[in-house]
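Number of protein chains: 2
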Amino acid sequence: MNSFPKIFFDLVEIISRFPGIGKRSAERIAFFILRMKPDEVKQLTAKIEEVYQYIKPCRICNNFSTQEVCSICSNSSRDKSIVCIVEEPKDILAIEKTSQYRGVYYVLLGSISPLEGITEEELNLRKLLNRLERKEIKEIIIATDPDNEGEITAQFLIEKISPYKVKIYRIAIGVPLGTQIEYIDSATLGKALIEKKAVLDF
Amino acid sequence: MNSFPKIFFDLVEIISRFPGIGKRSAERIAFFILRMKPDEVKQLTAKIEEVYQYIKPCRICNNFSTQEVCSICSNSSRDKSIVCIVEEPKDILAIEKTSQYRGVYYVLLGSISPLEGITEEELNLRKLLNRLERKEIKEIIIATDPDNEGEITAQFLIEKISPYKVKIYRIAIGVPLGTQIEYIDSATLGKALIEKKAVLDF
Chain A
1 MNSFPKIFFD
11 LVEIISRFPG
21 IGKRSAERIA
31 FFILRMKPDE
41 VKQLTAKIEE
51 VYQYIKPCRI
61 CNNFSTQEVC
71 SICSNSSRDK
81 SIVCIVEEPK
91 DILAIEKTSQ
101 YRGVYYVLLG
111 SISPLEGITE
121 EELNLRKLLN
131 RLERKEIKEI
141 IIATDPDNEG
151 EITAQFLIEK
161 ISPYKVKIYR
171 IAIGVPLGTQ
181 IEYIDSATLG
191 KALIEKKAVL
201 DF
Chain B
1 MNSFPKIFFD
11 LVEIISRFPG
21 IGKRSAERIA
31 FFILRMKPDE
41 VKQLTAKIEE
51 VYQYIKPCRI
61 CNNFSTQEVC
71 SICSNSSRDK
81 SIVCIVEEPK
91 DILAIEKTSQ
101 YRGVYYVLLG
111 SISPLEGITE
121 EELNLRKLLN
131 RLERKEIKEI
141 IIATDPDNEG
151 EITAQFLIEK
161 ISPYKVKIYR
171 IAIGVPLGTQ
181 IEYIDSATLG
191 KALIEKKAVL
201 DF
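Same order as they appear, the protein sequences are chains A and B. For the first sequence, the numbering used here assigns the number 1 to the initial residue and increments by one for each residue that follows. For the second sequence, the numbering used here assigns the number 1 to the initial residue and increments by one for each residue that follows.
Hints in this document: simulated from the structure, not taken from any laboratory. Check before you lean on any hint, since a few could be wrong.
Identical copies go unnamed one by one, so any copy, or any two together, can satisfy a pair.
[As the list claims (entries may be wrong)] Calculated cross-link-like contacts (lysine-lysine; reagent style DSS-like; alpha-carbon spacing at most 25 Å):
#  : residue 1 : residue 2
1  : Lys135    : Lys37
2  : Lys165    : Lys90
3  : Lys138    : Lys23
4  : Lys127    : Lys37
5  : Lys127    : Lys197
6  : Lys56     : Lys90
7  : Lys90     : Lys80
8  : Lys6      : Lys97
9  : Lys6      : Lys165
10 : Lys197    : Lys37
11 : Lys135    : Lys6
12 : Lys42     : Lys165
13 : Lys127    : Lys191
14 : Lys42     : Lys138
15 : Lys23     : Lys127
16 : Lys191    : Lys138
17 : Lys196    : Lys56
18 : Lys56     : Lys23
19 : Lys23     : Lys135
20 : Lys42     : Lys191
21 : Lys135    : Lys42
22 : Lys6      : Lys56
23 : Lys80     : Lys138
24 : Lys56     : Lys167
25 : Lys80     : Lys167
26 : Lys80     : Lys6
27 : Lys197    : Lys6
28 : Lys135    : Lys197
29 : Lys160    : Lys138
30 : Lys97     : Lys135
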């Protein structure tokens with residue numbers, strides 16, 4: 001294994017920390033970088049530094065932004081009285097792709113995870129509670145992940161927010177579109193039965 | 001989609017050019033980079049630049065090296081009269097892992113690919129032919145990939161090298177260890193039958 005320079009394996013080691021990248025993929029990426037053109041490598045490292053330096057959490061909602069206030073919070077056509085709470089900025093991307101939402105967001109930058117030692121105190125809730133106190137918000141939609149941490153976090157948010165007497169919603173949890181009932185995991189199917197929706201009522 | 005800064009998507013676009021990385025993976029990696037600590041990001045970009053700046057093709061065999069001559073070519077215990085020809089430096093890594101080889105290598109930095117417009121002239125053969133002319137080599141092992149390009153390249157190498165009257169080998173092509181005959185693709189199985197080896201002869 002000493003047929004290659006040590007710095008090559010140093011780079012492989014760093015790349016293999018990326019999410020979803022194993023050692024083999026990291027090696028392939030390192031080889032790819034070695035075969036890039038000089039200006040391409042310069043562009044890659046400069047862009048990493050630029051993104052890291054200029055993208056910061058939005059002062060209002062914690063979304064990624066190059067400005068103090070992100071493009072959603074500063075968009076006058078968005079309804080600031082409706083706030084969707086998500087765990088991570090990438091969740092905003094997913095929701096924006098649906099084109100079904102016209103409110104603003106609030107990013108927790110995490111979820112409550114006893115296993116990882118993330119407690120209620122570490123959720124970035126202060127700025128949201130301040131806005132609730134100032135009665136700027138009428139409606140909260142909780143869009144944490146439908147997993148254990150997300151559900152614990154959702155329960156905690158409901159407790160924290162309910163004293164402010166605003167409408168609180170949780171996004172619907174149930175069977176995903178385009179799937180077949182027989183292939184859906186039983187936890188999801190069970191939840192879909194519990195959360196069943198009336199379509200005709202006598 | 002304009003909920004995120006443009007430079008974020010610039011970085012995603014660059015990362016998605018990496019081998020085996022789709023747009024979703026590239027997004028996850030870009031998010032990961034944004035969540036790294038400042039010294040980790042510095043380490044990442046510095047290591048990319050370092051690897052790119054200091055790793056160059058070995059003067060003798062084209063293997064990646066931080067020295068003018070790579071660690072294999074400069075290793076006095078390796079047999080310089082046996083040369084294994086591979087397409088890419090990463091093939092050296094794979095062969096070294098077997099611990100079955102004590103000769104040196106020669107890296108073509110490519111293979112003949114009519115589809116990609118890579119012709120015989122673009123194979124880096126000159127330095128190898130010079131060594132054959134100086135009668136420094138007794139044995140050549142061709143270890144190009146067992147695919148179309150690799151086979152065309154192997155045939156071309158045999159033509160080019162045969163005038164020098166050295167032993168030429170091709171690595172064995174056949175059924176891989178640890179597999180089951182019923183699951184092996186028919187091209188490989190057919191080749192394994194053609195290349196069958198006598199075990200007992202009367």
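Taking the hints in turn, this is what the structure says about them:
no. : hint            : in the structure
1   : Lys135 - Lys37  : neither (55 Å within a copy, 36 Å between copies)
2   : Lys165 - Lys90  : neither (29 Å within a copy, 62 Å between copies)
3   : Lys138 - Lys23  : neither (49 Å within a copy, 36 Å between copies)
4   : Lys127 - Lys37  : between (46 Å within a copy, 23 Å between copies)
5   : Lys127 - Lys197 : neither (35 Å within a copy, 75 Å between copies)
6   : Lys56 - Lys90   : within (14 Å within a copy, 38 Å between copies)
7   : Lys90 - Lys80   : within (20 Å within a copy, 54 Å between copies)
8   : Lys6 - Lys97    : between (43 Å within a copy, 16 Å between copies)
9   : Lys6 - Lys165   : neither (60 Å within a copy, 38 Å between copies)
10  : Lys197 - Lys37  : neither (57 Å within a copy, 46 Å between copies)
11  : Lys135 - Lys6   : neither (59 Å within a copy, 33 Å between copies)
12  : Lys42 - Lys165  : neither (53 Å within a copy, 46 Å between copies)
13  : Lys127 - Lys191 : neither (32 Å within a copy, 68 Å between copies)
14  : Lys42 - Lys138  : neither (48 Å within a copy, 43 Å between copies)
15  : Lys23 - Lys127  : neither (40 Å within a copy, 33 Å between copies)
16  : Lys191 - Lys138 : neither (28 Å within a copy, 71 Å between copies)
17  : Lys196 - Lys56  : neither (41 Å within a copy, 64 Å between copies)
18  : Lys56 - Lys23   : between (30 Å within a copy, 22 Å between copies)
19  : Lys23 - Lys135  : neither (51 Å within a copy, 40 Å between copies)
20  : Lys42 - Lys191  : neither (50 Å within a copy, 45 Å between copies)
21  : Lys135 - Lys42  : neither (49 Å within a copy, 43 Å between copies)
22  : Lys6 - Lys56    : between (34 Å within a copy, 13 Å between copies)
23  : Lys80 - Lys138  : within (9 Å within a copy, 78 Å between copies)
24  : Lys56 - Lys167  : neither (30 Å within a copy, 63 Å between copies)
25  : Lys80 - Lys167  : within (14 Å within a copy, 78 Å between copies)
26  : Lys80 - Lys6    : between (53 Å within a copy, 23 Å between copies)
27  : Lys197 - Lys6   : neither (60 Å within a copy, 40 Å between copies)
28  : Lys135 - Lys197 : neither (32 Å within a copy, 84 Å between copies)
29  : Lys160 - Lys138 : within (15 Å within a copy, 79 Å between copies)
30  : Lys97 - Lys135  : neither (29 Å within a copy, 65 Å between copies)
Comparing the model with each numbered hint stated earlier shows that hints 1, 2, 3, 5, 9, 10, 11, 12, 13, 14, 15, 16, 17, 19, 20, 21, 24, 27, 28 and 30 do not hold.
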